[in-house]
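Asks: Residues per chain, in single letters:
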Amino acid sequence: MPAPVITAVDLTKKYKDFTAVDGISFEIAPGEAFGFLGPNGAGKSTTMRMIGAVSTRTSGELDILGLDPNQNGPEIRSQLGVVPQQDNLDMELRVRDNLIVYGRYFGMSRADCARKADELLDFAQLSDRSKAKVDDLSGGMKRRLTIARSLMNDPRILLLDEPTTGLDPQARHILWDRLFRLKEQGTTLVLTTHYMDEAEQLCDRLVVVDKGTIMAEGSPAALIAEYSTREVVELRFGSDRNAVVAAELEGVGERIEVLPDRILIYSNDGEAELAEVVRRGLEPITSLVRRSSLEDVFLRLTGRSLIE
Amino acid sequence: MTVLSDTALAPAEQARAAAVRPRRWGSWYVAEHRIRAIQSYYKTLLFTAIGSPFMYLFALGVGLATLVDKNSGGAFSGASYLAFVAPALICSAAVTAAVEECTYPILMGFKWNAIFYGMNAAPLTGRQIVNGVFLAVIARILPTTIIFFLVMLVFGAVPSPWGWLNVPIATLTGMSFGVVIASYMATVETDAGQPAFIQRFIIAPLLLFSGTFFPLDSMPVYLQWIGWISPLWHGTQLGRDVSYGQVEPGWLIAVHIVYPLALCVFGWVRTQQVVTKRLNK
Numbered sequence: 001m002p003a004p005v006i007t008a009v010d011l012t013k014k015y016k017d018f019t020a021v022d023g024i025s026f027e028i029a030p031g032e033a034f035g036f037l038g039p040n041g042a043g044k045s046t047t048m049r050m051i052g053a054v055s056t057r058t059s060g061e062l063d064i065l066g067l068d069p070n071q072n073g074p075e076i077r078s079q080l081g082v083v084p085q086q087d088n089l090d091m092e093l094r095v096r097d098n099l100i101v102y103g104r105y106f107g108m109s110r111a112d113c114a115r116k117a118d119e120l121l122d123f124a125q126l127s128d129r130s131k132a133k134v135d136d137l138s139g140g141m142k143r144r145l146t147i148a149r150s151l152m153n154d155p156r157i158l159l160l161d162e163p164t165t166g167l168d169p170q171a172r173h174i175l176w177d178r179l180f181r182l183k184e185q186g187t188t189l190v191l192t193t194h195y196m197d198e199a200e201q202l203c204d205r206l207v208v209v210d211k212g213t214i215m216a217e218g219s220p221a222a223l224i225a226e227y228s229t230r231e232v233v234e235l236r237f238g239s240d241r242n243a244v245v246a247a248e249l250e251g252v253g254e255r256i257e258v259l260p261d262r263i264l265i266y267s268n269d270g271e272a273e274l275a276e277v278v279r280r281g282l283e284p285i286t287s288l289v290r291r292s293s294l295e296d297v298f299l300r301l302t303g304r305s306l307i308e
Numbered sequence: 001m002t003v004l005s006d007t008a009l010a011p012a013e014q015a016r017a018a019a020v021r022p023r024r025w026g027s028w029y030v031a032e033h034r035i036r037a038i039q040s041y042y043k044t045l046l047f048t049a050i051g052s053p054f055m056y057l058f059a060l061g062v063g064l065a066t067l068v069d070k071n072s073g074g075a076f077s078g079a080s081y082l083a084f085v086a087p088a089l090i091c092s093a094a095v096t097a098a099v100e101e102c103t104y105p106i107l108m109g110f111k112w113n114a115i116f117y118g119m120n121a122a123p124l125t126g127r128q129i130v131n132g133v134f135l136a137v138i139a140r141i142l143p144t145t146i147i148f149f150l151v152m153l154v155f156g157a158v159p160s161p162w163g164w165l166n167v168p169i170a171t172l173t174g175m176s177f178g179v180v181i182a183s184y185m186a187t188v189e190t191d192a193g194q195p196a197f198i199q200r201f202i203i204a205p206l207l208l209f210s211g212t213f214f215p216l217d218s219m220p221v222y223l224q225w226i227g228w229i230s231p232l233w234h235g236t237q238l239g240r241d242v243s244y245g246q247v248e249p250g251w252l253i254a255v256h257i258v259y260p261l262a263l264c265v266f267g268w269v270r271t272q273q274v275v276t277k278r279l280n281k
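Just so you know, the sequences run in chain order A and B. Quick note on our numbering: the first sequence kicks off at 1 and runs consecutively. Quick note on our numbering: the second sequence kicks off at 1 and runs consecutively.
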């Protein structure tokens, strides 16, 4: 395996009494797409800020491209592209100017900035909006512009904090497509998300984080294989009946999870379990057999849902 | 093993090389960015910069002056009221512009237009961000004072050939206000009308009681301290010294120079500290 681009050992961040990141360790290889999956408040963004060399760690070791962010913040940041959770584009400038001023921060010449800006506007499908005011862009367009901005310096590592939160499905798919292309070009992607589908689509490997600690690590498929079954049956009996019916489902599937709004039956053959439920005379209002997802892994590991 | 350590070292070396220019020129890149933003509303600025000196000099230096000059009894060291009030007005114009650029842009940079975080995610440091913002403030108030001075010349408000020194004096006065206010604005987490409060209850009273429209010593003694703590009074007095030869003792002239400079240094460094701390969450 090539030398990792990011290595964290016992990485910790405390704010007075609150521990946001509690001794996490991980390694990210060059060219890898690595994800932090967890609910809001799990410590994902704090971890990203430490990797982004803008937030000083409380303790532990952090090595990015062979440098220590405490000493070499600007050096590390010169190699990163950062897409923060909330767009921080300059609303006072127009679309193309946002890219140009940003390129200048990396010491690029004005001519290089202009050339690169046009190239990236094309990549982000924003060429026809280059003179528009940022305020007039849709949410998805702003996000794409932020990604374009993060690529001005041809970063080795791209940090994406909740890249598609708040976007409609179509905008998300356009964004994922762009991120795929970057991955194909060999850019290391580090992203946080609380969307399991996003993690499954984009990540080669991910860690499940909760309350500042790592609960599990692996590829999406490996995590599902380890912590869940192949399929899941979702049954709804109405919120007041779910708990009552659950008692009558004993022995169905490998494991049963009762949530306030539905019952989940974990099994390798969902259809067979559903047939058994019907045979027992239980009549769900709705039923659905689906493949297991990272959401189920998270539920198994933490007892809680990802999006609360 | 050698090969492995070489490949491990390469990215670090590349990073070091890539950070040389941002480390050296980062402050200028930020200034360039801010000036580009200021340019987007340059028409308003230009209109104000040209219109307001005409308005003030005409109203006070010509209109009010006809009344004052008849009754002043030589209160302005023999100078006309126009020559007396013009250095104060150019300083006030610089202060107004500086305060404008040091309130909302600082507040917004952390909040509604959170560009400071974007700059910091690139190789720039909090210190460079502050330097750049302040350099842009200078770039904004310098033309304002130059235009103001030219209008003063048109009105014949500058008898002395040293009068051009009003431009750097006013710029210094504006900055000494601006950076101190910026150091406070950088600590503000939520906008509860602080910029308006500063404008109404700090800038406006200082404008009225800093020997702007009448000599400080014509005010009651218990109010004269306002002038002493106000850089506007020091700047204005210095402007009068160079404009029409108002004579002050050397030590007082030294105070007029050192005090605004000290405020500049204090405010500048303090803002750097506050911004650096706030960015490092």
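Among the hints, a few may not be true.
As the list claims (entries may be wrong) - Derived EDC-like pairs (lysine to aspartate or glutamate); straight-line CA-CA distance at most 16 Å:
hint	chain 1	residue 1	chain 2	residue 2
1	A	LYS211	A	ASP10
2	B	LYS111	A	GLU250
3	B	LYS281	A	GLU32
4	A	LYS183	A	ASP87
5	B	LYS281	B	GLU189
6	A	LYS183	A	ASP154
For the record, the hints were derived by calculation from the structure and aren't laboratory data.
Asks: Please go over all the hints and tell whether each is borne out by the structure.
Replies: Here is what the structure says about each hint:
1. Annotation: proposed proximity of LYS211 (chain A) to ASP10 (chain A) holds, straight-line Cα distance about 15 Å (limit 16 Å).
2. Between the alpha carbons of LYS111 (chain B) and GLU250 (chain A) the distance comes to roughly 54 Å, so the proposed pair goes past 16 Å and is violated.
3. Simply put, LYS281 (chain B) and GLU32 (chain A) have alpha-carbon atoms about 27 Å apart, too far for the 16 Å limit, and the pair is violated.
4. For a cut-off of 16 Å, the pair hint linking LYS183 (chain A) to ASP87 (chain A) is broken: about 22 Å separates their Cα positions.
5. For the suggested pair LYS281 (chain B) and GLU189 (chain B), the alpha carbons sit about 13 Å apart, so the restraint of at most 16 Å is met.
6. With a C-alpha separation of about 13 Å, the suggested pair LYS183 (chain A) and ASP154 (chain A) falls inside the 16 Å cut-off, and the hint holds.
Going through the hint list in order, the structure does not satisfy hints 2, 3 and 4.
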